Structures are given as C-alpha cells and as structure tokens.
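Peer 1: Starting from the known structure of chain Z, arrange chains A, F and H on it as the hints suggest.
4 protein chains.
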Amino acid sequence: MYALVKTKPAPGAEVKRVSRPQVGERDILVEVKAATVCGTDVHIWEWNPWAQSRVKPPLIIGHELCGEVVEVGEKVARVKVGDLISAETHIVDGTCYQCLTNKKHLCNHMTILGVDRDGAFADYLALPEENAWVNDPELDPFVAAMQEPLGNAVHSALPADNVEDLAGRYAAVLGCGPIGLMAIAVLKKLGVSKVVATEVKPLRLEFAKAMGADLVLNPREEKDIVGKVLDYTDGRGVDIVLEMSGAPSALIQGLEMATNGCRVSLLGLPDNPVSIDLSRLVVFKGLRIFGITGRRMYETWHQVHELLRDKDFKAKMEQLVTHKLPMKDIEEGMELINSGKAIKVGLYPQWK
Amino acid sequence: MYALVKTKPAPGAEVKRVSRPQVGERDILVEVKAATVCGTDVHIWEWNPWAQSRVKPPLIIGHELCGEVVEVGEKVARVKVGDLISAETHIVDGTCYQCLTNKKHLCNHMTILGVDRDGAFADYLALPEENAWVNDPELDPFVAAMQEPLGNAVHSALPADNVEDLAGRYAAVLGCGPIGLMAIAVLKKLGVSKVVATEVKPLRLEFAKAMGADLVLNPREEKDIVGKVLDYTDGRGVDIVLEMSGAPSALIQGLEMATNGCRVSLLGLPDNPVSIDLSRLVVFKGLRIFGITGRRMYETWHQVHELLRDKDFKAKMEQLVTHKLPMKDIEEGMELINSGKAIKVGLYPQWK
Amino acid sequence: MYALVKTKPAPGAEVKRVSRPQVGERDILVEVKAATVCGTDVHIWEWNPWAQSRVKPPLIIGHELCGEVVEVGEKVARVKVGDLISAETHIVDGTCYQCLTNKKHLCNHMTILGVDRDGAFADYLALPEENAWVNDPELDPFVAAMQEPLGNAVHSALPADNVEDLAGRYAAVLGCGPIGLMAIAVLKKLGVSKVVATEVKPLRLEFAKAMGADLVLNPREEKDIVGKVLDYTDGRGVDIVLEMSGAPSALIQGLEMATNGCRVSLLGLPDNPVSIDLSRLVVFKGLRIFGITGRRMYETWHQVHELLRDKDFKAKMEQLVTHKLPMKDIEEGMELINSGKAIKVGLYPQWK
Amino acid sequence: MYALVKTKPAPGAEVKRVSRPQVGERDILVEVKAATVCGTDVHIWEWNPWAQSRVKPPLIIGHELCGEVVEVGEKVARVKVGDLISAETHIVDGTCYQCLTNKKHLCNHMTILGVDRDGAFADYLALPEENAWVNDPELDPFVAAMQEPLGNAVHSALPADNVEDLAGRYAAVLGCGPIGLMAIAVLKKLGVSKVVATEVKPLRLEFAKAMGADLVLNPREEKDIVGKVLDYTDGRGVDIVLEMSGAPSALIQGLEMATNGCRVSLLGLPDNPVSIDLSRLVVFKGLRIFGITGRRMYETWHQVHELLRDKDFKAKMEQLVTHKLPMKDIEEGMELINSGKAIKVGLYPQWK
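Residue numbers (this note's numbering), protein chains in the order written: chain Z, 33 to 384; chain A, 33 to 384; chain F, 33 to 384; chain H, 33 to 384.
Simulated from the structure, these hints should not be mistaken for lab results. Heads up, none of these hints are tricks.
You can't tell identical chains apart in this list, so a pair holds if it fits in one copy or across any two.
25 Å max Cα-Cα, derived SDA-like pairs, lysine to any residue:
#  : residue 1 : residue 2
1  : Lys255    : Val232
2  : Lys40     : Arg149
3  : Lys65     : His334
4  : Lys360    : Asp150
5  : Lys107    : Asp125
6  : Lys346    : Thr265
7  : Lys112    : Arg58
8  : Lys343    : Val166
9  : Lys88     : Leu313
10 : Lys255    : Ile284
11 : Lys260    : Glu170
12 : Lys112    : Leu132
13 : Lys260    : Arg341
14 : Lys346    : Asp246
15 : Lys107    : Ile123
16 : Lys40     : Pro358
17 : Lys112    : Gly56
18 : Lys107    : Gly56
19 : Lys260    : Ile284
20 : Lys241    : Glu338
21 : Lys343    : Thr265
22 : Lys343    : Glu238
23 : Lys107    : His141
24 : Lys360    : Arg52
25 : Lys233    : Leu368
26 : Lys88     : Val55
27 : Lys343    : Gly267
These numbers were taken from a predicted model, which means no experiment stands behind them.
Excised from the complex, chain Z in its bound form (with noise of 0.2 Å):
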C-alpha cells in the first residue's frame, strides 16, 4: 500500500510504499476513505520542537480519518467488515490509575496514531477495537474524519459529566482554528445565548459567523477586546471561556473578561509558559479551569454522533471543511492552512 510517511528526523514527509499493517487479534484493518489535517500534523510535518521531541521516524502520519473495516482480529467482536468507522486516536492501556476510575483521556501510557505509531495517511491503517467508533453510513466521510477534532470542542463545553449547564450562558471562544469554529457551533447548539469569538485570521472571522457567533472581535483591530465583551453582556461578562488559540494575550483577556465563578477550559497550547496575576485574576474571582486533552471515552464520542444528527450543524461541519486534495498533495495542503487560505484540509487515498 502507499502512505505518507515521515522517513527522516527533518521538515516533510514522502509518498512512500510500505507493505500492510498487521492485524492483531482485538485490532481491526482498516481501508482509509477520507482523511483531514490537524495542527500537530502540521507541526510534524514542520518538524517543530515538540515534533522533533516526540516523534521517532520512519512514521505514517496522520490520524483523523473515516474507513471501511476489510478485517477484523478474531476476538473482535462489536465491530464487523463493512463498517465505516472513525478513531479515537488515544490509545490508552486500560489499567492505569486513570483508565480505572473513568479518566481513560487522561490515561498515563497514552499512544497516540500517526504520533507515536502509523497513522491514516495511508491506504490502510490497523487499529485496536476499542478505539474504532463506529458511524452512520450515510455520513460525510470528511465530517466523519473530523469526529475527533469536534470531540475536543465538545469536550472543551462538557470537560466533565457534572458541570454547570449551558444552557442561557454567555460563552467566549478565543481562537478560530476548526476546534475553536466548531465549539461556537456546539455552544450554539447547545442552548447558550451569547457566543463572543476572537481570532485574527480574515478567513476564520468569516467562518465565526457562519458557525452562529454572536459577536465576533479581531484583536488586532479592536483595542479593548474585555470592555467590548463586558458592554456585550451588560457589564457581566461571560460564564464559560473557551481557550483555542494558545497565545497569551487571549488567555489573560479570556480571564479578565470572565464573570465571577466563571468556567475556563484551557485547549489551545501555549508554546512558554503563561504568567498570569492569579490572586485578581482566579483566586479573587473563584475561577474554576479544566484543562482539556482528547475526548472522553466515550460519552464524548456519543454526544458528537447524537449532535451530527441534526442537519443544520452537519451542514456548518460540511461547510469547515474547504478544501479536499488527494494525499499525494498533501505539501499543498499544508500551504493552504498556513497561508490562512483554507479552514480544514480534507485529504483522500490518491497517489498518482
């Protein structure tokens, strides 16, 4: 078969042909349909510091996909050939402290596909039963691809079984990559009243808009980002934080413009560490902060697949993505997100 492959410690990677992934008893084969592009692929593909820390050539890349299962080890028992599926792409070991009280996303010998073993850039892809989350046949294999990004966003408005409610909140999203523009449509979704969302890219403000925010702000244009906020909620501010982007600036403002007792979940990942005024900013404030990392195994994969019921999400998740190239391209793709030209990058097995 063919797939992308990271062969050397360096910037790119190379269509290469590798021979088929062997399946394990509880594993499954997997022929990859349609594939999309996410910022760590990205960040391998550059070979930027954390890649260069992490990853260990020779790799097929890539792990948000939708397949068809070709086989099946012969204990696997809930997943059949002929099921399109899509992948949690955490692979956790099931008995660590937190696989064993319901914190499996936050599994302490966490492998990651297409990070720490072969990925979906491929025409095939072999993957543990557990992990395979099985899709309606009728769904869009690029939305199906992107299940798993969607699960961050949903995970980042549901961090925990037990939160307060959604429901009339004001919400602010700082960051528009595709986590960030999804978790405004799932915020929408979800019954929050005011959504505010802050990004700088041209292409991304448009696509916030389209996604059902409410007010949408460029810092680089706005000079007071938190009075705009607090005057949009009447001096309130807002009760749950989204933080998307990793910079700084956006997650001081996102703290400054909370309202006491507000909600924070941090996704974007900042590159240094952040120095934050804690006594003003969270101890007097009675913050509450979630980190978010993955998806919950699987309540989170079950509100995705319930919310992709509804046509009108589906069609903004359709909409995300802008761009659908065949694998081989993948280096045009990689232009694309970086110019800010594309939203999200779908990806397809062609190699010629």
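Peer 2: Here is chains A, F and H on its own, set in the frame of chain Z:
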C-alpha cells in the same frame, strides 16, 4: 380595584371590587397587564380536595402574571417604577436550612401567590421586591406571565447545578399539558437529540409536534408505548424522562423506557399513592429520580430569560397562548381548558 | 477440586468433586483463601422465587472471596501469579452504551459470579483479569472478601462522581444487615455528623452502635420513628437516607424523615411493588432518589481500598465477621444467619 | 467603647475610645467576647501595598470574632438577644448576578468587615443579621471566632456543591499557616486517605503532624519534594492539591505532583504574577483548578458547624490558638505571628 375573588369555600370565584393592596417597605405594587391560567387555578376554581385542604377564602386567585411596577416601598433598591416584571410566585422565609443552602425553592415555610396570599387576577398586586423578575420591555406580556411555568419546565430538565448534561441525549416527556409542551421546546433547544412525547388529548398531540417532539405517541391508541420508544431509540431507551402527567401509568411507562442509569424528573402530581416495582425499575436499573417543585431561585429564571432571547423559541411560547380573555370571562377560560380546546389561556384585566 | 454446587432446582447445595476451571487467555485462576456469605447466597440456598427465576443448576455458588492467583492466561498483563485478589463479581460486556459511558455497573448484559456462572465457594475459581482487584498482602482475607459488599455500602453513600458531599450532613441507615452496618461505618468515616440507624434484630442493633451510629431505633419498639428522628435533628430531618432493608415501611419512614431536597439511596430490594405518595413525599419535597446496584467500576474499589488503610475502620470490618466456618459446614452458616446469631459468616475451603 | 483603630495611613493601630456603632433595623449589635488575628489583619497592621490600595482610615480593624448579641434592629427575626454569634465577614448586595445564582461569596459588590467597614477588635460591633451565624453556647469563643478561616479551609476542600468526593483520595496541602493547618484536619476528618503537607516554618511543621498530616516535608530541607510525594503515593501523585502558601514555587510543585485529572484549589495569594507551563502542567494533565475566596454562604458554615461537633476535631482547633492576649497588646500578637512563635493569636477586649 377589581379582582377575581374566591369568596367562599365552593367552586367558582367572583369579580369583586376590593381595596388596593398595601405596600410594605420592601414590597412593590404591580399593575397587572397580563396573566395566564395554571392548572392550580383550575383546581382552586373547581374546589377540588387539595384546594379545600389548603385555600382559605376570601382570596384573590391567580399567580402567573406580567405587570408594571407603579409604586415601590422605601427599602426597595433593585426594582424601579416603570419596570415590567413577572413574579416568582413562591415566597420564602430566607432563614431556614433550605434557604441558607441554596434550596430556596424547597423552603420549609413557603407561601404561594394566589394560593396562600392574594394573587394576580386583579388590577393590582403587592409583591416582595425579591420575587420580582424584571423583564425585557419588548417581551410579550402573556409570554412574560408564562415564565413561571416555563421555569418549571426548565427546572425539570435541569434540576440542579450539576446534573448530567442534555447534549445529544434521548428524552421522553410524558404528558403534554402546557408545562410538558414547554419542556419539549426546552429540551430541543438545549441539544437533546430525540424527544419522545406521550399525550392523550388531540390538540396537545398537535402542539407536541409543533414544539419539536420527534416522536409523538397517544397511549389511548398505541398498544405498546414502551416497545415503540425502545424501537425508536435502537433498543437503548431514553436517558431522561420528564413525568408531567401525574398519571401512574405514564410514570411506570417512563421507568420501563428508561435506559439503565437514566434520570427521571417528577413534576406531575398523582392524586393517589402509586405502586412501583422499585427493585426491578429503580434499583437494578440504577435510576436517578428527582422530585421537581417550583423553580431554582434564581438560576432557573436566568435560564428562562436567556432562552426567550431566541426568536424561534419565543415564537413557540407565544403559540401556546391559544386564547386571550378579559378576566371577567374566566369561566369561559376554565371551560376552554377543561374541554381540551385551549392550551394556555391568557387573561387581562377588564371587568365590564 | 471440591466445591459447593447447586446440583438441582431445590433448596441447599452439595459438596462435590468437580474439575478445576479452564483459564482463558485473559483470565486468571484463583485459589480461594476465604469467602463470605451474602444475602444472595441465602436466597439461592433457600431457592426463593428470585433464585428459581434466575439460577440454572448445576452451579458453584458464592461470590465474595479472597484468593491467591495461581495461574494467568497468556494475555494477562496487570495481575501476577502470587497476587492476593478479590473479585468485582459483575462481569460486563464492555461494549454496550452503559459500559461506554462510565456506567459499567449498569451494563445491559451483565453476568454475576455465583449466580450466572460458577462462583467462589470452591477450591479454585476462574476470573477475567479485569475483574480482579489486587489486595494489600497484609489485608485479612475475610475482610478482603467483604470488599465487594463494602463496595455496595460505599456506592450507596457516593452513588456518582459528583453528588452533594457528605461533610457534616445528617444521615439515616434503614436496615442494619451487613451492608447497612458497613454503611454506618462508612458514613461516620466520611464526616457525616449524625447517623441514625433503624433495625429490628437485637444483635444488629448492637452492632449498629459499634459501627458508630449516633442514634439507634428499633421500629418494633418505638412508636414514632419519624418523630424521634426529627427531634434528634432539631426538626430538620436527615440529608441522606440509605434504604438497606427492602421493607416498604422503612422506605416510607425514610421519605418522611428526609429534609426537603434530601438524597435517598435505594439498595434494599422490596419483594413486591411499594405504594408511595409521590406528590407529598417526593415531588413537593424535591427529593433525589438513586437506585444502587453493584459498585462503580472501579472508582468504588479505589475508595474501599483506601478506607481499609484506616486501622479503626478496618477493625470495624473485622468485627463484622462473627463466624468462620469450613465450606462443608455452610448449612450451619445459613442457620446462624437466619436465626440472627451471625452478622457476617466467613467460609474457608475445607471439605472433610 | 474602646477599639483598635487604624487612624492613619501608616503601620500600626491605636487603642481609642469611639462611639458605639448604630444599629440599623436589620442589624444586630454584638458585644465582642473573643477575636482572632488573620493574615489580613497583619497586612493592614503592616500597611503593605495591598492594604494601602484598599483600606481607608479611620477604620476599626479585625474580623474574626465571637460575641453576644445585645441589641437587635426592629426587622431582625432570626437572631435573638443573648445569642452567641460569629460573623460571615463578607457583606454582599444580594441582588447581583452572582448573588442570585448561588454565588454570594463571589458578589460583585462585596464589602468586608475590618477591611471596608468597621470590624471586630472592639468592645462592640454592628452586623447585618444575615451575616450572623448563631453558635452552640458551649463552643469555645476563640474556636467560634476561628470558624471564619475554618470556613476557608472547608471551602478549599469542597469548593462547590458537586465536586469529586474526597473519600479515599490523596491530598497535598501546600503551606501550613492557620488555614493550611485547619485544612489538614478537615481533609483527614472527611476521609482523605493520605495527606501530604509542605511548610518551611518549624512550629508549623510540628502542628501539621498534630493536625493529622501523614507526610510532612520542608522544602528548605528536602531537595526533591515532588519526587518524595510521588514515592509516597506509589507513583500516582495526589488527587487534590490545596495551595495555601501563595508561593509560586509551591504552586508549581503542586501542579507537578498532581495526578492527571487532579483538582487544585488556590487559596494562597501570590504577590506577583506566576509563570506557569500551562501546556504541560494543566492542559495535558487535564487538571481542574478552583480559585477559592471566602466561604459558601451558608453551605460552608453548616459544614463547619457540624465538623465542630466532633470532639477530636474541635480539640485540634483549640490547639491552634497558641496565644490569647488582651486587645491592647495586639502589637505583641503581631510579633508572635511574624516571628513564627504563634499559630493563631486570640484577642479579647481588655484595654488597660
């Protein structure tokens, strides 16, 4: 002023000229603009056993209202003359264990407007400032009056600060009186994926669809309600049951169609004790049952307020007020309700 | 090996020589060191209606155990030969909706050790690795066996990840069988301020005091249980009710003595439907009722494990094992239980 | 009457004769029996930058107190002359968004006793009835005064209605000032399995053990605090971190020793912004961070009240009051605190 007064312990009520209520230093005087008729008003009108045991004539009846503040006591700080307000109809002591631990709606010494003290079917009403909810001036006064039962619907869906979220769940609403109908609209607005509704009255069945129910069943016509709900949910059953009918048969159906671990809210009031196979239907299924009374003070009111910002949702609420009559014609209103020709009857002060 | 086998659909069980169980590749073989007798074992022994409807002889009975791992299947990774383990006795499918959303204890396809498959009153037992809880080597084997019902007690007190905390609350434990007694000790250990216990058997009443109950009442001797509890709590009633008896009268008393907004856990299994005045006792009181089955997998096990680090708490648990008998003398054990002379009967493998 | 008055914007305070406070119709007049000195009082005494920015002399300082009610306003209903009361020192507006949604402790217009209005180091104090907590008459008045900071400790352990329970968890308390010491006792009382404490002052280290800490570490003497905590918890880390020191190094250690998914309460107030590697320490670890200010009104007070029914717990609290001085000798008290010779200093009204 004029008012509808229950003058004696018997069915009915009279239009009567009475003196305008006195306003204490923390009270406000409200000129009633619109009121709506609640099932409780029907019970008091009909003088059913519950009413006989609780209500002490003479009493001005009615409690769902919208009115303009025309006078405020000297210690009133938050509410202003000219404000359009609705009433939290439960007046609490503020000092009991429940009041001091965020459960004011379960106050041990609660008095209720139009039940234990003079109510809203009148030209004027006195109300503690604390119980006044200030409305957006543009809100339709009949919808404003209905915020009180809408609060019951929201409270049934979200009975505590931190309950399992509604996102992507399957829910059943059993009984489509006004609060059940409102609950359907609330659940859909808050991201419930599938809402099943059961009801026997034809007009209400129609409205259940209009409110957004995905499947509407009439227990008088369908033989196997539980089986149909299981089929509709791929054998899983529902995650949330809102029992709004008070009918024992509906309650049992609700417990049967509940998936293991389901949350059940009981708002309907059975007239008599209900016999339940607790071992099979509650213990082994690991169900969680919430008794629902009133609205959370004032979390629920904030939620209601924000939900009504949504035009589609507000339009659904307006649609529920099928009739608007002068207060003098309350008897006609009672007949419309009892004959199943009305969903929600609005009243306005007009006496001749 | 020898085992206690229910050979036919009738009361009793026989000591029988049977072949040692086969061990699948994800199973472990356990040499039983100690077991304890559960009420369920009594029901199966006596062949009551429930047992007749569920149990299919031949079956090795018993499920509460502690044993040493003597063999492991080839895919077993976490558990080692030589480990002393106890068993989570509920074997789940791992793939249903409940299993995939953190409710394994409510699995739709659960099988139970000693009920649906061969159990623990035997020299050896085969168990899926997943269901093995590795004990501290120094833990008394009878206490180790009792962790399974102790888990029921903890689960009743803490039925979900995020329930209202126990700190400084008032609680009632209705029914002081072994799990009720354990629950008293658990509640006191977790900071409950006042624990009231009700029970009719004299020996159990004594043990209720020893476990730490602050007030112990015998419904056969006291005329006004509810009044006494209200007095003892300064008129407030209790915040938490654990119904452990299955007696309808106790359940109703529990609902009566509950303060508004109280949390009620139902673990006791009434034989027949129970008639409840839901309007007065559940809806208007705003109660929250939790059906309790099994133990949370494996949150509850972690809690049990840590509670037993406390010497005083562990000593209380040891105290509950009033008798230790060879397995061949199980009939004597059944008589001790039924006559009210024993609290918890321990068994060890000895056949001659 | 006499009082300790901050007469000018400079270090110290004077014993001064002032007029007895006026009592509004919803206020009570309290004759102070005992008071205790808080870190805030030290800051105001020393006139540190925070005090300079907030406090407006002249002001009677002090806020932790126990006293007897000697006069009540005409609208006072709950509190009676002769009651022994302590004070919730945060006076809220009751009408803001936070107050109306069960977050009074985060009121947007809060004034604080002894900071923004006259306080407790005086013969008499005026207090809104709402802020009076009626004590058991037999409670030691110095312990009664300390309920306010004890409430901070309880609030740190239980920051919301529904947080993950403490039962059998591992916790770290970073910083063993009075509130940290109280928190150790609270955590042990509520069933935390292992409590680790860090502190640099020798006397506090001793008291940490007396309060029940299982492991006590001095960061000035130990090289690898985090490693030691990981060892002590079998590599797992702690489930709960209470940051009580305000030291950035302690906070970072807390985040390092936290197990994935850990809950962190921040009560300590860093003087300056703290630089945090959010990606590694918060996002990937899935931590939940709670800013803690004040006490939940009045859930926390109920919890404190009940905890003090326990003799052992109460004895620990009594032990913390290492010195009792007349108010005139406050300077000596300040020296005892600053030199590390006192844990908690009690004051009683005596002026000559």
